[in-house]
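K.L.:
Turn these sequences into a full structure, and let the hints steer you where they fit.
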Amino acid sequence: MMRTPLLMTVICLVLSIALISCGGYVKKDELEKQLSDQKMDLEQKVQLAQDSAATANDKADKALSATRSLEKMREEILTTVDKKIDSALVVAKGDMDRYQEEFKRIAKEAADKALSDATAVAISEDEKVKMMAKEAADKAMAAAMEADRRAQEAARQAEIAKQLPKVGEPTVFSVYFDSGKANIKPEGIAELEKAAAMIKSDSSIKVRIEGNTDNVRVVYSKFRNNWLLSQARADAVKKYLVNNLGVSEDAIKACVGLAEYNPSAPNDKNNKWQNRRVDVIILQ
Numbered sequence: 000m001m002r003t004p005l006l007m008t009v010i011c012l013v014l015s016i017a018l019i020s021c022g023g024y025v026k027k028d029e030l031e032k033q034l035s036d037q038k039m040d041l042e043q044k045v046q047l048a049q050d051s052a053a054t055a056n057d058k059a060d061k062a063l064s065a066t067r068s069l070e071k072m073r074e075e076i077l078t079t080v081d082k083k084i085d086s087a088l089v090v091a092k093g094d095m096d097r098y099q100e101e102f103k104r105i106a107k108e109a110a111d112k113a114l115s116d117a118t119a120v121a122i123s124e125d126e127k128v129k130m131m132a133k134e135a136a137d138k139a140m141a142a143a144m145e146a147d148r149r150a151q152e153a154a155r156q157a158e159i160a161k162q163l164p165k166v167g168e169p170t171v172f173s174v175y176f177d178s179g180k181a182n183i184k185p186e187g188i189a190e191l192e193k194a195a196a197m198i199k200s201d202s203s204i205k206v207r208i209e210g211n212t213d214n215v216r217v218v219y220s221k222f223r224n225n226w227l228l229s230q231a232r233a234d235a236v237k238k239y240l241v242n243n244l245g246v247s248e249d250a251i252k253a254c255v256g257l258a259e260y261n262p263s264a265p266n267d268k269n270n271k272w273q274n275r276r277v278d279v280i281i282l283q
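So in numbering that gives the first Met the number 0, spot 269 of the sequence shown is number 268, and the numbers just go up one at a time.
Simulated from the structure, these hints should not be mistaken for laboratory data. Do not rely on the hints blindly, as some may be mistaken.
[As the list claims (entries may be wrong)] Simulated crosslink set (BS3-like; lysine-lysine; CA at most 30 Å straight-line):
id	residue 1	residue 2
1	Lys238	Lys199
2	Lys180	Lys268
3	Lys199	Lys184
4	Lys180	Lys129
5	Lys221	Lys180
6	Lys193	Lys205
7	Lys271	Lys252
P.N.:
Structure representation (structure tokens):
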């Protein structure tokens, strides 16, 4: 930029010399003065240009120095930051190691507790399963026993049915009692079971129940006479057939006491027991 004024000055000087040569009338001293002035002016401008260049160079040096200072400061800052980051990473790594150990400890405790809880639940569930299995086994055993009982009862009823006479003619089942009593004895129950099986085999069957006594007068008994005793015996048989053996009450058409007036054997010492009876008469 400083070369442009200097070039212009030189051009002006050349033009002046040319004009003087062309004119031929310019004096020598004037020419020398003009040349001296122009030389001085040229020297001043050169000096000014040099000063400007020096100033520019100085500013450039300062700018460069400032730039270098900034670069150095930047490097120092980056170095400091890197050191701090490294220090922070070291501290953080130590903390992470410590935290990692803590996390491992917590995880192990949680796993141990979960395993303990799972074991406890498994044991509890195992006990529940065992208890449920025992209950199921008990129920199965009870059901098996009930089935066996019913099977035995069915077999017994089938055996009884084989021994029954054919329906179509009157059939009599006799139940015997102790003297002066109306309580059914075990052997009498077995006979009534046979009667019940036959009665229930055919809904058209009709039943007549007759109570009897021997000819001994009632003395030491809750019944005042043989009429009441024979009726009590007949009522006991009817009640057992209906309540215990499932005979329909509608099938029983009569239930009467005949006292000692319907003997089936002589009323002597050896045979009178045959008259202390109830006859279950089955009619078709």
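K.L.:
For every hint, state whether the structure bears it out.
P.N.:
Each hint, compared with the structure:
no. : hint              : verdict
1   : Lys238 <-> Lys199 : holds, 16 Å
2   : Lys180 <-> Lys268 : holds, 18 Å
3   : Lys199 <-> Lys184 : holds, 22 Å
4   : Lys180 <-> Lys129 : violated, 55 Å
5   : Lys221 <-> Lys180 : holds, 9 Å
6   : Lys193 <-> Lys205 : holds, 15 Å
7   : Lys271 <-> Lys252 : holds, 28 Å
Of the hints listed earlier, the one the structure fails to meet is number 4.
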